[in-house]
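Here the protein sequences come in this chain order: V, Z and W.
So the first sequence is numbered by the numbering used here: it starts at 1 and just counts up by one.
So the second sequence is numbered by the numbering used here: it starts at 1 and just counts up by one.
So the third sequence is numbered by the numbering used here: it starts at 1 and just counts up by one.
Heads up, a few of these hints could be off.
To be verified - Listed next, the stretches of chain W that the computed footprint assigns to chain V, with coverage defined by at least 3 CB atoms under 8 Å from CB atoms of chain V:
#1 88-100
#2 182-194
#3 208-214
#4 217-226
The set of hints was computed from the structure by calculation and includes no laboratory data.
Computed from a predicted model, the values in this text were never measured in an experiment.
Just so you know, even glycine gets a beta-carbon here, dropped at the ideal spot from N, CA and C.
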Amino acid sequence: MNVNSKPVLEEPKTVFFAPISHPSPGSVGKTGTWRTHKPVVDLDKCTGCLICWLYCPEDTIIRLENDKVSIDYEYCKGCGICAHQCPFDAIQMVPEG
Amino acid sequence: MTVNIKRIPKKKFLMPGNAACPGCPETMGMRYLKMALGDNFVMVIPAGCSSVIQGIAPRSGIYAPILNIVFAAGASAAAGMKAGFESIGRKDVEVVVWAGDGGTGDIGFQALSGAAERDDDILYICVDNEAYMNTGIQRSSLTPYGAWTTTTWTGKREHKKNIPLIMIAHGVKYVATASVGYPTDFIAKVKKASQIRGFKYIHLLAPCPVGWRFDPALTGEIGQLAVKTGLFPLYEYENGKFQLSPLARRYKDPSKRVPVIEYLKLQGRYKHLINKPEEIKKIEEYIESIWYMIDVLEKAFNPKEEARKLLGSL
Amino acid sequence: MVVKTLTGNYAVAYAVKLARVNVVSAYPITPQTTIVEKLSEMIEKGELNARMIRVESEHSALAAVYGAASAGARAFTATSSHGLLYMHEVVWWAAGSRIPLVMAVVTRAIGPPWNIHVDHQDILDQRDSGWIIAVAQENQEVLDLTLQAFKISEDPRVYLPMMVGLDGFILSHTTAPVDIPDQELVDSWLPPRRQPYIIAPESEVVMGNIAPDEDHFMMRYSMAASMEAAKKVIEEVDREYGEIFGRSYGGLVECYKCEDAEYFVVIMGSWAGDAKKAVDTLREQNVPVGVVRIRFVRPWPREKLLEILSGAKGVLVFDRAVSMGSTGILFSEVAQTLYPLNISLKGLVAGLAGVDVGPSRIEAEILKFIKQTEEGAIYTPTEWILPEKYAGRYPSSPKEVIAK
Numbered sequence: 001m002n003v004n005s006k007p008v009l010e011e012p013k014t015v016f017f018a019p020i021s022h023p024s025p026g027s028v029g030k031t032g033t034w035r036t037h038k039p040v041v042d043l044d045k046c047t048g049c050l051i052c053w054l055y056c057p058e059d060t061i062i063r064l065e066n067d068k069v070s071i072d073y074e075y076c077k078g079c080g081i082c083a084h085q086c087p088f089d090a091i092q093m094v095p096e097g
Numbered sequence: 001m002t003v004n005i006k007r008i009p010k011k012k013f014l015m016p017g018n019a020a021c022p023g024c025p026e027t028m029g030m031r032y033l034k035m036a037l038g039d040n041f042v043m044v045i046p047a048g049c050s051s052v053i054q055g056i057a058p059r060s061g062i063y064a065p066i067l068n069i070v071f072a073a074g075a076s077a078a079a080g081m082k083a084g085f086e087s088i089g090r091k092d093v094e095v096v097v098w099a100g101d102g103g104t105g106d107i108g109f110q111a112l113s114g115a116a117e118r119d120d121d122i123l124y125i126c127v128d129n130e131a132y133m134n135t136g137i138q139r140s141s142l143t144p145y146g147a148w149t150t151t152t153w154t155g156k157r158e159h160k161k162n163i164p165l166i167m168i169a170h171g172v173k174y175v176a177t178a179s180v181g182y183p184t185d186f187i188a189k190v191k192k193a194s195q196i197r198g199f200k201y202i203h204l205l206a207p208c209p210v211g212w213r214f215d216p217a218l219t220g221e222i223g224q225l226a227v228k229t230g231l232f233p234l235y236e237y238e239n240g241k242f243q244l245s246p247l248a249r250r251y252k253d254p255s256k257r258v259p260v261i262e263y264l265k266l267q268g269r270y271k272h273l274i275n276k277p278e279e280i281k282k283i284e285e286y287i288e289s290i291w292y293m294i295d296v297l298e299k300a301f302n303p304k305e306e307a308r309k310l311l312g313s314l
Numbered sequence: 001m002v003v004k005t006l007t008g009n010y011a012v013a014y015a016v017k018l019a020r021v022n023v024v025s026a027y028p029i030t031p032q033t034t035i036v037e038k039l040s041e042m043i044e045k046g047e048l049n050a051r052m053i054r055v056e057s058e059h060s061a062l063a064a065v066y067g068a069a070s071a072g073a074r075a076f077t078a079t080s081s082h083g084l085l086y087m088h089e090v091v092w093w094a095a096g097s098r099i100p101l102v103m104a105v106v107t108r109a110i111g112p113p114w115n116i117h118v119d120h121q122d123i124l125d126q127r128d129s130g131w132i133i134a135v136a137q138e139n140q141e142v143l144d145l146t147l148q149a150f151k152i153s154e155d156p157r158v159y160l161p162m163m164v165g166l167d168g169f170i171l172s173h174t175t176a177p178v179d180i181p182d183q184e185l186v187d188s189w190l191p192p193r194r195q196p197y198i199i200a201p202e203s204e205v206v207m208g209n210i211a212p213d214e215d216h217f218m219m220r221y222s223m224a225a226s227m228e229a230a231k232k233v234i235e236e237v238d239r240e241y242g243e244i245f246g247r248s249y250g251g252l253v254e255c256y257k258c259e260d261a262e263y264f265v266v267i268m269g270s271w272a273g274d275a276k277k278a279v280d281t282l283r284e285q286n287v288p289v290g291v292v293r294i295r296f297v298r299p300w301p302r303e304k305l306l307e308i309l310s311g312a313k314g315v316l317v318f319d320r321a322v323s324m325g326s327t328g329i330l331f332s333e334v335a336q337t338l339y340p341l342n343i344s345l346k347g348l349v350a351g352l353a354g355v356d357v358g359p360s361r362i363e364a365e366i367l368k369f370i371k372q373t374e375e376g377a378i379y380t381p382t383e384w385i386l387p388e389k390y391a392g393r394y395p396s397s398p399k400e401v402i403a404k
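Kindly produce the complete structure, drawing on both the sequences and the hints.
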């Protein structure tokens, strides 16, 4: 391996604005405000099968202790995939009021 | 390789609050990618929906390190990154290209073909939403016959370019098709690909509610219907061996397939041809041709059957 | 130290080897090709411990080395002419992302028609991109500049990619004795690669997603600031290189017989050698003229030129590239630098597509310019030195064609 095998990270020494980001929630804000309908989970019907969690495009389904689920309403965009995919009819889409 | 949902760790696989449209198939796919690969990977993203989905700096909505890159350079930048990591002794980092159908089959095709031919050790995933969605639904070479787009107002006249087949023709290590309708199948394929050294290609069908004109709740279902109608067969090609994926095998039998009209009628992009039997027939004939091809591939790339004799005689 | 007879292209390859580059990628194009051939040979023989990616295009070549550099590798590519133009969008992308990178550009005319001979149209087409751009005069300088490019580009005050220009065929394919420095000495002088960030699993860095317009604006501002900082770095590197390896070139510009000069030729690249010969002859006749050789086009050596030229009676700029509809490219740079000084100023476009000019023609042009200036300061932005085959049949200014 040659002497340059390990690059050195060194802070820039001029005024430095670089096109750099890091993964973090809310890169376009609280997307919960986009919803027209919100998913409501019936925990009595929920079996913890995690189908909704698997299909959710937003990662806004929260797995509880027993793998039953709740919704992260701060960011859920209300697409309705969870309700549509649920095999047990445990999620209803309710108009936002 | 089977994937047990319950075994997938209880952690985030995507950053919520990103810029994806509701019901986006791409963010579904990105979650599955991370479920399959864990943390030791970087993504290379050429221009497309996924460039925008990340949202606004200094945050990013995709839970992975990313090199965003110009449209035509997905595969080449990734090949370089992989070589870069290897040259400084980091052979274990997986480099994944995440490109749309335009970045793959059109503007990015030259770089893709080059990397495939060189057998660069990268995983290339084409997230195929069948049009240039990011610029507002224009036709690509992967838009299917009949589909409305904003550059094919009366429906596209040509069939979809078969990129996975073209990748098989490159003789790469691994080619697979997958659909966001079947997440665990896709996860299993990504996991398998990540254990292979050399060029890997996965073609992920990504039904887009905005561009295909359907209710965003149906993304998963339409992804399944594409498979059930026989329109999008799921298969794997690995080191010269071709096989249909287990959940797609039954659709080899035309009588097991869901009539394609059930798939078409859910999508506004096909609205203009729903009542034109001759157009539906063309799509049905296309499905037949796809399965004829599958039959040929199974025979050609199954060393146990005719192909061995055939190849042996060459 | 070893002295070898090398072409300019091989001088590039030896510098890349001495810099212990990790990743090389390039696509063949005349007259660059022998760089990538030599580097392939060095890698395959085990003389250079690097990865070679044999890409299918220049667009991919630059994208590949840029990807490697983003991952933390010292990377290098080389091209010419249409190859460089094909890379153009990646040229901008690499600079904007602030990733240190080095590229050799073997300067060549742009078609149509196809032509493989030297002019500076290709490299100067990149001048707004944010790359540091230098052009060498001869093969020894090609090696030295290429080595220095790694140090300059990777300096934390700079963090911008750098291209090193060498004239097609005149340098690239012509041999000259070149001192090849000792590896140990280079190792002690060139530090391990430095860069502002690495895109890797542990860094979680995302490069290039959409930023607010104001931040995008400030990224451009920050590149401009780094270009300014680079001027000092370039001078420093040139000085310290001289102390260690025995060769300095004057940093941003080289001055030849400038002391006590009243008239100056501004020129860049290999034909600066012809200009120096012309000046030597004229000096023998006591004509007070010197050569200011532009070594770095970006950052543009404004302060240094002002320092050298502010007392001048006249400045004659030779351009091997033209901005269509305007003037020679170096001329417009020099003119904006010398404003509002009252100096006689003339721009000559010549030597396009490798058309030979030569010391005697340069000498004649200098004398003509001095004579014109002595009759009163002139401001002539563009005159063309037409090829002998056509001279006399067409006016030297395209403007006069219309006047007729």
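Within 8 Å of chain V (C-beta), three or more residues of the segment 182-194 of chain W: Holds, because 5 residues of the segment 182-194 of chain W bring their Cβ atoms closer than 8 Å to Cβ atoms of chain V.
Coverage assertion for the segment 217-226 of chain W with respect to chain V, Cβ distance below 8 Å, three residues required: Since three or more residues must qualify, the claim that chain V covers the segment 217-226 of chain W holds, with 6 doing so at under 8 Å.
Check of the segment 208-214 of chain W against chain V for coverage (Cβ-Cβ below 8 Å, three residues minimum): holds (count 3)
Per-stretch coverage check for the segment 88-100 of chain W, three Cβ contacts closer than 8 Å to chain V: holds (count 3)
In summary, this structure violates none of the numbered hints.
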